[in-house]
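The listed protein sequences derive, respectively, from chains A and B. With my numbering, letter number 110 in the first sequence gets 356, and the count goes up by one each step, no holes. With my numbering, letter number 30 in the second sequence gets 74, and the count goes up by one each step, no holes.
Calculated directly from the structure, the hints in this document are not laboratory data. Any given hint could be a false lead.
To be verified - Here are the computed lysine-lysine pairs in the DSBU-like style, where the Cα-Cα straight-line distance is at most 30 Å:
{"#": "1", "chain 1": "A", "residue 1": "K454", "chain 2": "B", "residue 2": "K56"}
{"#": "2", "chain 1": "B", "residue 1": "K56", "chain 2": "A", "residue 2": "K274"}
{"#": "3", "chain 1": "A", "residue 1": "K454", "chain 2": "A", "residue 2": "K485"}
{"#": "4", "chain 1": "B", "residue 1": "K51", "chain 2": "B", "residue 2": "K82"}
{"#": "5", "chain 1": "B", "residue 1": "K102", "chain 2": "A", "residue 2": "K274"}
{"#": "6", "chain 1": "A", "residue 1": "K482", "chain 2": "A", "residue 2": "K423"}
{"#": "7", "chain 1": "B", "residue 1": "K152", "chain 2": "B", "residue 2": "K56"}
{"#": "8", "chain 1": "B", "residue 1": "K152", "chain 2": "B", "residue 2": "K51"}
{"#": "9", "chain 1": "A", "residue 1": "K485", "chain 2": "A", "residue 2": "K423"}
Note that the structure is predicted; figures quoted are calculated from it, not measured.
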Amino acid sequence: MTLSQQQWHQVRSGYLSEVEQALSRAPKEERRQILEELEFHLNERFGELSPDNQTFENMRQIISDMGPSDEYAALLGERIPPGRAGFLRSWRALSLVAVPLVLFICVGLFVSFGLRRSGPVVVEVSPGILMNAVDPDICEISVTFDCAMLDNSWSWTGGGEHYPKIIGRPEYDSDCKTCTLPVRLEPGRWYAIGVNSPAHANFRSENKVPADPYLILFATADEDGRPTAIPEDAVKLMKQINSKWRRHG
Amino acid sequence: MNLENWKIQLRKGLLELVVLNLLCSRRRYGYEMVQLLKTMDGMAIREGNIYPILARLKSDGLVEIRVETSPDGPSRNSYGLTDQGRRHMEEMRQHWERLSVSIEAAIKGELG
């Protein structure tokens with residue numbers, strides 16, 4: 247990943263986080279739809295910039311063109327419920343909230359004993375992270391989770407020149423723990439592809455708990471079979487994104 | 045009265061009508077609609093604004109979304125009108141036609 251791409255990633259993520267915050271009280275489905283579209287739109291705008299024009303100023307202009315994040319809630323209008331502070335000022339409202347809340351917590355604690363409380367965990371990816379002499383003739387990338395995932399639901403995320411060419415539809419194996427993505431790779435190139443992202447989180451357990459975003463980073467061997475270097479800033483970014491993951495064993 | 049604010053409010057009010065009409069002829073992507081709006085004099089919007097509008101239209105049952113997977117990159121949402129959306133759009137069009145005739149008459153001093 248170039249320095250400008252890394253900068254863009256940070257600028258874009260910052261804006262999406264602001265919008266997500268502004269829509270924190272909006273219906274989940276509408277929030278998800280808006281964030282998905284925004285991420286795509288932002289990537290399209292950045293992709294239209296030539297390498298020489300990928301300046302920080304132009305990135306800020308793209309964000310400015312999108313508009314301030316606080317406009318989103320206003321445009322959703324009546325879908326946003328009244329602010330919590332105003333609601334709780336009323337003692338009657340407080341009692342309407344407190345009793346069901348206590349009950350909900352008790353039931354939730356009781357029920358969650360046997361249920362998975364945390365998201366799915368990646369236990370294996372192929373190619374492996376940071377492998378730098380991957381056979382370019384391999385035709386699939388896969389991710390394996392520690393639990394059965396929601397079938398026909400995935401978010402292979404990312405884009406740009408280091409995103410692998412997708413040549414088919416993803417599919418799960420019979421126990422829905424491993425998702426395989428058909429790809430075509432080229433020799434002597436490094437690749438980055440995400441499992442979920444802040445705006446796309448369709449890799450979910452059967453209980454619909456989404457997996458944390460995870461970045462698969464690897465490189466193919468060149469035409470002489472030699473390893474290909476992966477840029478240090480891409481490795482750093484991968485470590486930042488993947489740092490939340492717990493591993494088995 | 046702030047003229048810019050008036051223009052903004054007017055544009056917001058008309059945006060749903062325009063978006064529904066853009067979807068009348070065929071399915072479109074959100075990004076595509078933003079580019080089209082930019083070509084309409086007076087209708088260029090802050091680019092992100094269309095997405096809450098589309099989310100609202102979808103929640104109201106006027107628009108439906110189809111996720112289209114692409115072999116070349118991430119999936120995209122395309123938007124189309126529902127039957128209810130078409131009926132709603134038609135009513136809005138008729139109201140707009142009546143309103144624009146009245147406004148035109150007022151501007152030309154033909155009232156009273």
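Taking the hints in turn, this is what the structure says about them:
1. A:K454 / B:K56: violated (36 Å)
2. B:K56 / A:K274: holds (24 Å)
3. A:K454 / A:K485: Between K454 of chain A and K485 of chain A the Cα gap is close to 26 Å, so the pair holds against 30 Å.
4. B:K51 / B:K82: holds (15 Å)
5. B:K102 / A:K274: OK: K102 of chain B and K274 of chain A at ~13 Å, within 30 Å.
6. A:K482 / A:K423: The hint holds at about 28 Å.
7. B:K152 / B:K56: holds (25 Å)
8. B:K152 / B:K51: With Cα atoms ~20 Å apart, K152 of chain B and K51 of chain B stay inside 30 Å; holds.
9. A:K485 / A:K423: holds (24 Å)
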